[in-house]
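Colleague: Could you slot chain B onto chain A? The hints should help.
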Amino acid sequence: MSKLIPLSEAISKYVQDGDTVYAAGFTHLIPFAAGHEIIRQGRRDLVLARATPDLIYDQMVAAGCARKVIFSYMGNPGVGSLRIVRAALEKGEIEWEEYSHFGMISRLQAGATGLPFMPMKQTAATDLEQANPKIKRVTDPYSGEELIAVPALNPDVAIVHVQRADAEGNAHLWGIVGEQKEAAFAAGRVILTAEEIVDESVIRSDPNRTLIPGFIVDAVCHVPHACHPSYAQGYYDRDNEFYLEWDKVSSSPEAVKAWLGEWVYGVKDRDAYWSKLGAAKQARLQVEPRLSQPIDYGDY
Amino acid sequence: MSDLSYSSSELMIINAARMLRDGDVVFVGVGQPNLACNLAKRTHAPNLVMIYEAGVIGAEPARLPLSIGDPTLVSGALSVCSMYDIFSFYLQRGNVDVGFLGGAQIDRFGNINATIIGSDYQHPKVRLPGSGGAQEIAAWANRCYIMTPHQKRRFPEKCDFRTSAGYLDGKGGREAAGLRGRGPVAVVTDLGILEPDENGELALTALHPGKTVEMAQENTGWDLKASATLRTTDPVTERELRILREELDPTGMHLGSAG
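Each protein sequence line maps, in turn, to chains A and B. To convert, note that position 107 of the first sequence is 929 in the numbering used here; the numbers rise steadily by one, no gaps. To convert, note that position 228 of the second sequence is 267 in the numbering used here; the numbers rise steadily by one, no gaps.
Don't read these hints as lab results, they were simulated from the structure. Treat the hints with care, as some may be off.
[As the list claims (entries may be wrong)] Only pairs whose alpha carbons sit at most 25 Å apart, straight line, appear in this in silico BS3-like list of lysine-lysine:
| # | chain 1 | residue 1 | chain 2 | residue 2 |
| --- | --- | --- | --- | --- |
| 1 | A | K913 | B | K164 |
| 2 | B | K210 | A | K890 |
| 3 | B | K250 | B | K264 |
| 4 | A | K956 | B | K210 |
| 5 | A | K890 | A | K956 |
| 6 | A | K943 | B | K164 |
| 7 | A | K1103 | A | K1079 |
| 8 | A | K1070 | B | K164 |
[Claimed, not checked] Chain B regions said to be covered by chain A (calculated; three or more residues, Cβ under 8 Å):
| # | segment |
| --- | --- |
| 9 | 73-86 |
| 10 | 95-106 |
[Said to hold, decoys possible] Coverage of chain B stretches by chain A, computed from C-beta distances (three or more under 8 Å per stretch; other residues unrestricted):
| # | segment |
| --- | --- |
| 11 | 194-207 |
| 12 | 211-217 |
Note that this is a predicted model, so its numbers are computed, not measured. Backbone N, C-alpha and C fix where the C-beta goes; we use that ideal spot for every residue, glycine too.
Same shape as in the complex, but just chain A (with noise of 0.2 Å):
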């Protein structure tokens, strides 16, 4: 059965106010475009987790979609402090939940295999477990070891890009794949936005590339560019220059206001979004193709 739906109607129908969301990917196939929709339709009280916040949920911060953020590296990946997160924290005006990246991972990786908790071993760096009471100690039932235990994450909805998907969600990923299947697999509904929709026969081609089944999808969007300034693989590049220049538009709030003002309630969709970067900045993105060697599942 198809899923295929605008993504303007998928953010609509499955991300409600007071939600956890997980807006997935580690640096690659950050869903940039449904962020900006959930700021569209103006959602409040979200519950923002990601292992790194990005800009996405910068901007989402500034727009006033958030009340607490759940995080493991708050930073401008690569350029340095992610200043409006940073600044609502210092301020106490949203709430926060922090953890190491492994924690982070961790609790995606219970709430994805329908686990309570992820045991870890400890690092001696007790800091953050006496500032984040989640964080507890558990006992190996073997040996009598003492281990660390994050609680299983469960958003009520992970938004997951692609680089291609059939009509029903079974979905294609390569390139750096930091925590999609986790996130989706974790979620109560799952929101799939793609670079390519293709047959179900060219995921049949490739099954073990095929991360995520369309089972656990709620809603498939095509919406091709939908990562920049983060970046898919093999599709665009990362926009570097971007991620610089947020560093100056965040660091005065008119500057954001007017930023948010023009490339996201000022265009309509993702593709209008793609046309208003223009023709320049649009061929600085493209990449050159690199294939991989075919392989040969054989004819059983």
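Modeller: Then chain B, alone, in the frame of chain A:
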């Protein structure tokens, strides 16, 4: 003595690169650690295996990666896996030889703060990015290196917040806590190199050419001891500088200006 001119950043990157051994599996960060690893790979350590926390194993970046998840790390890599896999199969299991760490504060016992400045976690004076992968890298990599400019505010007696473990409160702290890795075995600064003494306290073990013990002591927040076997680091070579400037970071993004 060489009369080459180079920046503080170049001096640190080159000295950090020299500490890597051929065949090391290194958990690499972006910026200066990335340059140090790529320099080592192009000089004395061609079999270095670079792992990035985004889940890339055996990266051979064709361009300078700006972020930890740059697509250039993926194309041509040996393997790509999930974040859970990289932190569990690779790091927690003990398959990583070297980790690079940095932070706003490094204290007397090599503990690192990358979380907050101030004494109250809920009301920080300055909110820093947080651990990322550092907490686990510091605990579980076989050995860690830290690169940082030598400044008093970066070397307090005690960190405001302990994001990742060095030698905790001194000798035996890591062993008592059951950590598998050896911890920070060297801190490379623009003045010299600090290494833990038998009590786990960072002591000055080397000076770069032209730098003095007094300079290092003035810029350290505790009573920095100089090792009895204090040495001078080998001069920076023309070849190292050429690879850094021409091949690895042609726009000089992480190299600073020579002066």
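Colleague: Each of the hints needs a verdict: does it hold here or not?
Modeller: Each hint, compared with the structure:
{"no.": "1", "hint": "A:K913 - B:K164", "in the structure": "holds, 10 Å"}
{"no.": "2", "hint": "B:K210 - A:K890", "in the structure": "violated, 40 Å"}
{"no.": "3", "hint": "B:K250 - B:K264", "in the structure": "holds, 15 Å"}
{"no.": "4", "hint": "A:K956 - B:K210", "in the structure": "violated, 30 Å"}
{"no.": "5", "hint": "A:K890 - A:K956", "in the structure": "holds, 15 Å"}
{"no.": "6", "hint": "A:K943 - B:K164", "in the structure": "violated, 31 Å"}
{"no.": "7", "hint": "A:K1103 - A:K1079", "in the structure": "holds, 23 Å"}
{"no.": "8", "hint": "A:K1070 - B:K164", "in the structure": "holds, 22 Å"}
{"no.": "9", "hint": "73-86", "in the structure": "violated (count 0)"}
{"no.": "10", "hint": "95-106", "in the structure": "holds (count 4)"}
{"no.": "11", "hint": "194-207", "in the structure": "holds (count 6)"}
{"no.": "12", "hint": "211-217", "in the structure": "holds (count 4)"}
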